[in-house]
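Enquirer: Chain by chain, the residues:
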Amino acid sequence: MGLKSIFIAIVAVFAIGMGAWLSYQLAVPPAVPRTATVLPATAGLPDFALSDQHGNRISRDAFVGRWSLVFFGFTHCPDICPLTLQVLANARQKLGDAGHIPLPQIVLVSVDPERDTPEILGEYLDYFGNDILGLSGNIEELRKLTSALGIFFEKSFTDDGDYSMNHSAVVLVFNPRAEFHALFSAPHVVDNFIHDLPLIMSGS
Amino acid sequence: MMRALLPALLAVAVAACSVDSAPLLASDVAIVKPLPGTQIGAAYLALTNATGQQITITKIASPQFAAVAMHESILEHGVSRMVALQELDIAAQQTVVFERGGRHLMLMRPVGALDNVTLQFFADEALLLTIDAASAD
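If you're matching them up, the sequences are chains A and B in order.
Numbering of the first sequence is given in our numbering, commencing with residue 345 and proceeding in unit increments.
Numbering of the second sequence is given in our numbering, commencing with residue 9 and proceeding in unit increments.
Read the hints as simulated data drawn from the structure, not as lab findings.
Yeah, the Cβ is synthetic: ideal placement off N, Cα and C, and Gly gets one too.
Don't take every hint at face value.
Derived CB-CB ranges, DEER-like [what the hints assert, rightly or not]:
#1 B:Ala121 / A:Ile445: 40 to 46 Å
#2 A:Asp504 / B:Thr126: 27 to 33 Å
#3 A:Leu383 / B:Asp123: 24 to 30 Å
#4 A:Arg521 / B:Leu93: 26 to 32 Å
#5 A:Arg487 / B:Leu93: 30 to 36 Å
#6 A:Lys499 / B:Asp123: 49 to 55 Å
#7 B:Asp123 / A:Pro390: 43 to 49 Å
#8 A:Lys488 / B:Glu107: 32 to 38 Å
#9 B:Ala142 / A:Asn400: 54 to 60 Å
#10 A:Glu484 / B:Leu135: 18 to 24 Å
#11 B:Thr126 / A:Lys499: 27 to 33 Å
#12 B:Gln101 / A:Gly409: 57 to 63 Å
Excised from the complex, chain A in its bound form (with noise of 0.2 Å):
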């Protein structure tokens, strides 16, 4: 076999490998988020002053710099709030144990504001992990952030005299300009954030 032939038979599997790289290209989908709703158009963050857990007063620059998974409930819940914050800082954990880089931060914004002081919520957050920042504080401060971002919450008066709070199930994705850029409908499930989040984060 002379050069020449050497040379059409390596010209000829190279281009049959590219031949098949392009096909599967073509072929397989680009991966989107599977459950998640990434907005065709982002929204920005209204200013607003409400505190953390640690009694720090906190507007929208908190949101800046980082993505953000931000659910609002209230620590009196003892049954959905707790499940979507431990969905929430599952997913969190074992992206991070995936090496995924920068992962997002927490953020309970409080309903209750009446019963949820900054005390209290420190101490509720603690125990779903570190990182999670609980919002509380005026009502019409919340109101500015709930109006602005279309989350529904109102009082719900029990027999014995009690409330309960009825509130959107939604968790909203902040990107690191503070907009909203997406959004998780309830139920919620730790696998749809491992696969969505990075490719939203990613900009898929």
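We have chain A; now place chain B onto it with these hints.
Expert: Chain B alone, transformed into the frame defined by chain A:
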């Protein structure tokens, strides 16, 4: 009339039954202590009516909590609501499940140590079932 008589009939039935033939059986019991900073825990379990007639649970009590209530978390149009259940019907030979994100027992205002929690299920004044379970954080 039948409804008024049912608790008495069930009470007689309970008294006549050995433990092995209890009218109401519990399984998969999970007691969740109130999370730090809160006064409300939760309980999840499956209740099976082992009798041939419907049982209506009207009250649940616990020595470790000031009040116990049946609730159901409902997700409707993206909004989570908690609905109080005044009673719970369990059809003959059927099982009703209390699970996370659905029906659950609200354990409100702890009044003592919570390592073990006792739950008592009543049909009106008739005690149908007592369970003791270790609680988890």
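Enquirer: Evaluate each hint against the coordinates.
Expert: The hints, checked one at a time:
A hinted range of 40 to 46 Å holds for the C-beta pair Ala121 (chain B) and Ile445 (chain A), which are about 43 Å apart. At about 22 Å, the beta-carbon gap between Asp504 (chain A) and Thr126 (chain B) misses the expected band of 27 to 33 Å. Checked against the hint of 24 to 30 Å, the C-beta distance between Leu383 (chain A) and Asp123 (chain B) comes to roughly 47 Å, which is inconsistent with it. Between Arg521 (chain A) and Leu93 (chain B) the beta carbons are some 45 Å apart, a value that contradicts the proposed interval 26 to 32 Å.
Distance hint check: the CB atoms of Arg487 (chain A) and Leu93 (chain B) are about 31 Å apart, consistent with the given range 30 to 36 Å. Separated by about 34 Å at the C-beta atoms, Lys499 (chain A) and Asp123 (chain B) break the suggested range of 49 to 55 Å. Take Asp123 (chain B) and Pro390 (chain A): their Cβ atoms lie about 47 Å apart, and the range 43 to 49 Å holds. Here the CB-CB span from Lys488 (chain A) to Glu107 (chain B) is close to 36 Å, well matched to the stated 32 to 38 Å.
Range check, Ala142 (chain B) to Asn400 (chain A): about 38 Å between beta-carbon atoms, so the 54 to 60 Å window is missed. Distance hint check: the CB atoms of Glu484 (chain A) and Leu135 (chain B) are about 49 Å apart, inconsistent with the given range 18 to 24 Å. Roughly 32 Å separates the CB atoms of Thr126 (chain B) and Lys499 (chain A), a value that falls within the hinted 27 to 33 Å. At roughly 59 Å, the beta-carbon separation of Gln101 (chain B) and Gly409 (chain A) lies within the given 57 to 63 Å, and the hint holds.
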